[in-house]
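So the protein lines, in turn, are chains A and B. Terminal number for the first sequence in this note's numbering: 342, no gaps in between. Terminal number for the second sequence in this note's numbering: 342, no gaps in between.
For the record, the hints were derived by calculation from the structure and aren't laboratory data. Mixed in with the good hints there might be a few duds.
Said to hold, decoys possible - Derived pair list, reagent style EDC-like, types lysine to aspartate or glutamate, alpha-carbon separation capped at 20 Å:
id : chain 1 : residue 1 : chain 2 : residue 2
1  : B       : 11        : A       : 220
2  : B       : 11        : A       : 221
3  : A       : 11        : A       : 216
4  : B       : 11        : A       : 216
5  : A       : 11        : B       : 244
6  : A       : 11        : B       : 221
7  : A       : 11        : B       : 182
8  : A       : 11        : B       : 324
9  : B       : 11        : A       : 244
Protein chains: 2
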Amino acid sequence: MKKLINAPADVVAEGLVGLERAHGDRLRVDHAHRLVLRAHAPRPGKVGLVSGGGSGHEPLHSGFVGRGMLDAACCGEVFTSPVPDQVLAATAAVDGGAGVLHIVKNYTGDVMNFEMAAELVAAETGVRVEAVVTDDDVAVQDSTWTAGRRGVGVTVLLEKIAGAAAEEGRDLDAVLAVARRVNERGRSMGVALTSCTVPQAGRPTFDLGEDEMEVGIGIHGEPGRHRVPLAPAREVAAMLVEPILADRDATGEPAIVLLNGMGGTPLLELYLMYGEVAALLERAGVRVARSLVGNYITSLEMAGCSLTVLGADDDMLGLWDAPVDTPALRWGA
Amino acid sequence: MKKLINAPADVVAEGLVGLERAHGDRLRVDHAHRLVLRAHAPRPGKVGLVSGGGSGHEPLHSGFVGRGMLDAACCGEVFTSPVPDQVLAATAAVDGGAGVLHIVKNYTGDVMNFEMAAELVAAETGVRVEAVVTDDDVAVQDSTWTAGRRGVGVTVLLEKIAGAAAEEGRDLDAVLAVARRVNERGRSMGVALTSCTVPQAGRPTFDLGEDEMEVGIGIHGEPGRHRVPLAPAREVAAMLVEPILADRDATGEPAIVLLNGMGGTPLLELYLMYGEVAALLERAGVRVARSLVGNYITSLEMAGCSLTVLGADDDMLGLWDAPVDTPALRWGA
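For reference, chain A alone in the conformation it holds in the complex (with noise of 0.2 Å):
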């Protein structure tokens, strides 16, 4: 295992001190819950939104929060679920009156721990909580940690939609229903060319050949639809394009798109492939309206991509285009 760590036990904690010193300006860190959290008190009236998972898939979810965004994340280990603690300290710190939005990707634990934040924040607080739990990814229906679709890309384009709904006024009942849109509106699959290696582990999550590539991975090293022979980018776009076209009821309306990339695959190669799989939308009909494309939901340093397609109504647009300032997406602001 080659990384730039100290202690293994000590990579969620040392991280979120490097976070804290590079945006300590607009960001503070509550290194008992391990949260990340906007530097300056949530503004009366504004819904809350909290989100946080597993640690390793950086900048989800703390590189995400700050104005036009989130308004905490919870870091779990890596690839280990935040504890109800987290979740509860995080909603109480961010309630401006409001209530709070807890955006939650579909895996086990992840739903379980965030359901039990909500029953202490209403035991204890008395504020009002809705969730959202992401599941666009197409590749399989249950899977390692998963009853259900797992949760991958789409939460990141959820998170800027719906941190712009807030940060523009509207109430929970309004935040929620716009972030629920975009979850039933995105689809995701993903590819990986190699395994990551959990710090606390120590070796490879799983074994792939020189030659293969697994085919629907998950952001875990989950098993996806099949392993192939590695093949050429314009293949793979289609193994990407295919199942999310599939899975749609739409294919003219315009479509904000994320080509993500996994941790260790260099941007060259993302935009390339970003080429392929317009290229494929554009022939399907698609109008791809707006893109994003770079590292946004990894799996450490795992090497591969995936591809997330949102059908965007004008709504969801402008509130794409909304302001944001946060450390991994930033414009307007």
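Given the coordinates of chain A, assemble chain B onto it according to the supplied hints.
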């Protein structure tokens, strides 16, 4: 070799197709010359900024084209200098009547080809051209493809700062002066945990044992100062900070600090490393005024990182903070 590509010979051309599809609203690509240009014609009276070099270091340079930064990037083959004709075409395309600054990393081929291009520009167009050559890498005095020090991370900071100076209307002499000041006051040092693989070579550029790292690595895998056993992050941080501080005249001034990923290292590790580096800098009396953490000047999928410390005066800090709108750096716009 596991890469998301088609034919190895087409990687650069096809990467540009994807870049254009993703950012066609603000960039255009001259595919014949392999140039990335701003979508809109140069503003009369603005100094033009042209950079370029071998591909494989993305987002450098193509991801830094846009308002407040470069006017054009010349994309060579992977780890191969662009040819003079590319630089000539870029220079002619971006001239707004106020002259053009060439930003060149100190590699023999790059320096030679930019110089030849400047001669062609003088002979064919009469556009005034000046050049700044970056040589910030303290690791070694001469290197595989370099006489003198190599140009690395300071190039990112220089393109931002000189780009802002040009955008606010400074003349060529003034833009050149601030660019040279940035290079003179910036120092860098890198470390690699793994090699990278050039697509057309098909195998790793160098061999590194499972328990080894290369301290002082170049961005094309050129040898550094020494090969040492893998060490904890806080020791690696000292191996980067100490040679930089030993090479600088003053340490009390405010600094802009770039903790850069080589391409294959997860963001979690980069932030962890930044925490270690920032603590050492603080202890040495360096006041970190601005920081940037992420993959900005990469070596394909190499695992590792580099540190750049720039002693910045108020003018540089103001130019750093000015709005920028490029694929890879975007704020205030």
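Okay, the hints, checked on the actual structure:
1. B:11 <-> A:220: Within the cut-off at roughly 7 Å; holds.
2. B:11 <-> A:221: Judged against 20 Å, a Cα distance of about 9 Å means the pair holds.
3. A:11 <-> A:216: holds (17 Å)
4. B:11 <-> A:216: holds (14 Å)
5. A:11 <-> B:244: With a Cα-Cα distance of about 14 Å, the restraint between residue 11 (chain A) and residue 244 (chain B) holds, given a limit of 20 Å.
6. A:11 <-> B:221: The given pair, whose Cα atoms are some 9 Å apart, holds under the 20 Å limit.
7. A:11 <-> B:182: violated (46 Å)
8. A:11 <-> B:324: This hinted pair is violated, its Cα atoms lying about 40 Å apart.
9. B:11 <-> A:244: Holds, at about 14 Å.
Checked against the numbered hints above, the structure breaks hints 7 and 8 and satisfies the rest.
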